[in-house]
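Colleague: Sequence:
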Amino acid sequence: MMFKRSLRQIVVIGFVLALVAGNSALLFVALDRMIQASSWVKHSLGVQKDLASLHVLLVSAETAERGYLLTSDTTQLAPYHQAIYGFSERIDRLRAAFNDNPVQAERFSEVARLSRERLARLASVIQLHSDGDPRAAIDQVRQNDGSAIMTRVRAMIAEIEAEEAILLEERQRQNLWAQLGLYASAIVFIFGSLALITYVYMSLRMQLRERTAAAASSATYAETLDESLKALEHERNEIAQINDGSNFLQSCNSMAEVAALSAEFLKGLFPGYAGSVSVYAASRNQLLRLSTWGGSNDAEVFSPDACWGLRRGQPHARHHDKAGTPTCSHLGCGSDCDTICVPLIAHGETLGLLTLARLDPVEAALNDIELAKGLPDRRRVEMVARQLGLTLANLRLRETLAEQSIRDPLTNSFNRRYLEVIAGKEIAQAARFERSLAFVMLDVDHFKRFNDLHGHAAGDAALIAVAGSLQDNIREGDWLFRLGGEEFVLVLREVTRQDALEKVEQLRAGIADLTLSYAGGTLPRITVSMGVALFPDNGAELDELLVVADRALYASKSSGRNRVTLASANEETPVAIAADRAA
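Just so we're aligned, residue 0 is where the sequence shown starts under numbering that gives the first Met the number 0, counting upward by one.
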């Protein structure tokens, strides 16, 4: 009897195993077909993406060229350099992608040739403009047939994309059939597997008593696994929360926004803990408290030496019942609570400090907060610290870039572009409150001869000295701009004609008394000629006032230089002069 049952079991198991093995082979074939079909679909999508990216690079390069020709601002060429950088990579990738299709490869070769030709012409125009010949650059733009080339490129790309769309549709159809085959094989495999499992289960029922101990062990394992899954889910939620908070922090435009947002973000992420975020002052010799939460009373200002975490350049955790671990003196809770200090580091630079302290039981009960058990997970704290560090680094970078865009790099005075922004606001405000403004144009006397005799480096040193003298002797609310070369513009707020004349004369005399040192020697003294126009006496628009101030500057130069000329109250505006000449 047992022999017959064993034989029957062997036959049944053998049949089921053969069924599963055969279906496994079918499943493998179906899976291989689906993978190949998916790979071709991905190939077509990648080709379409790279074609679109190539077109965007060419358009970005053309836009950068126009922006540069219009503004002469080399920062406008950033998209052009990015296009040059990414062009070869796209070309190589697309050429490799079309190796299996000679027709598409031939079309793409034409696209690559035309694209290189277009970029070469853009480079030629940019080089002419950079060499100081903008008129020749514009003439070459007018003579080039760049529009025809780009039209041909778009047409060729459209042909390639149309062919790829047809291929993509066919490959997607093949992928769908492969998926259906895979699903059918999987269903058969599952039912075969279920049949085998059912038979094994029925057989194992006869051995239930022997499996009781194993079942108990399995139950224990299942409980452990459930706890692990819960912990994993909790960690996943924390990571999602950190990512959400990080996205908001990265979007902050000021330290005030970071302070407000970080307090709420960290309070929600670390319930049961008080804490603070501090950042280095510009002097790098102290830290300033940026935000706090949970009733933290950490120091508002403290030295980096007050924190062991900053001293060691790594997180510093302290348990109140653990002897031998030093306490940071900047902490408000002293040595009576569990704390952790984590430096905020980005790109190798320490930017600040994150501090967490476990709330005491009384504080937690008063605020209806669940009492924390020890310190938070260190890995999570360090992850948050990294995000805060990147936020501070990005914010400082944006502030630096914004400052550089409005400053003259040589003299650190504001540039002409910022003059056009500020002057309109200052004129509007002065008109509203019926106040006067003085616009002063000044030019370093004989600067070209100074450069020729002493070199451009010495000329730069002279310009820096002139700008420094002016900046040191004007009020905080006044403005200094460099128009270019040796020309500067001053905007003095709330001054009368007499006040303006006296102040500008003081500035002129201060420059004339400067002692210039360069390369271990002393340079000849320099002087400036200055012309002054007042709002509203000499005009109501920036262009009018600058023309009047420039005319006064010319009068100073014609009268012997090193002097100040104040435009008369009835000085004609550019509009009036134009009318007189027309008459």
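Treat the hints with care, as some may be off.
Derived Cβ-Cβ restraints for the label pairs, each shown as a range [unchecked claim]:
1. S567 x H80: 14 to 24 angstroms
2. D536 x R560: 38 to 48 angstroms
3. N393 x A280: 17 to 27 angstroms
4. H80 x I189: 49 to 59 angstroms
5. A147 x Q178: 38 to 48 angstroms
6. R172 x R94: 22 to 32 angstroms
7. H80 x E433: 44 to 54 angstroms
8. A281 x G509: 51 to 61 angstroms
9. I189 x H346: 47 to 57 angstroms
10. E475 x Q403: 39 to 49 angstroms
11. G347 x D225: 20 to 30 angstroms
12. G347 x D536: 51 to 61 angstroms
13. T223 x S282: 51 to 61 angstroms
These aren't lab readings, by the way, just hints derived from the structure by calculation.
Cβ atoms here follow ideal geometry from the backbone N, Cα and C, with glycine treated the same way.
Colleague: Take the C-beta atom of G347 and the C-beta atom of D536, compute their distance, and say whether it sits inside 51 to 61 angstroms.
Modeller: Because 56 angstroms falls inside the window, the suggested range holds.
Colleague: Is the hinted range of 38 to 48 angstroms satisfied by the C-beta distance from D536 to R560?
Modeller: violated (25 angstroms)
Colleague: Given the hint of 39 to 49 angstroms, is the C-beta distance from E475 to Q403 inside that range or not?
Modeller: Violated, at about 21 angstroms.
Colleague: Range hint 22 to 32 angstroms: satisfied by the CB atoms of R172 and R94?
Modeller: holds (27 angstroms)
Colleague: Holds or violated: 51 to 61 angstroms for the Cβ distance of A281 and G509?
Modeller: violated (28 angstroms)
Colleague: Is the distance from the Cβ of T223 to the Cβ of S282 consistent with 51 to 61 angstroms?
Modeller: Distance hint for T223, S282 holds at roughly 54 angstroms.
Colleague: Using the Cβ atoms, figure out if N393 sits within 17 to 27 angstroms of A280.
Modeller: Given about 19 angstroms between the Cβ atoms, the range holds.
Colleague: Tell me if the beta carbons of I189 and H346 are separated by a distance inside 47 to 57 angstroms.
Modeller: Holds - the Cβ-Cβ distance for I189 and H346, about 52 angstroms, lies within 47 to 57 angstroms.
Colleague: Starting from the hint 38 to 48 angstroms, judge whether the C-beta atoms of A147 and Q178 obey it.
Modeller: holds (46 angstroms)
Colleague: Take a look at whether the Cβ-Cβ distance between H80 and E433 falls inside 44 to 54 angstroms.
Modeller: holds (49 angstroms)
Colleague: Indicate whether the distance between the beta carbons of G347 and D225 respects the range 20 to 30 angstroms.
Modeller: violated (43 angstroms)
Colleague: Range hint 49 to 59 angstroms: satisfied by the CB atoms of H80 and I189?
Modeller: holds (56 angstroms)
Hint violations for this structure: numbers 1, 2, 8, 10 and 11, all remaining hints satisfied.
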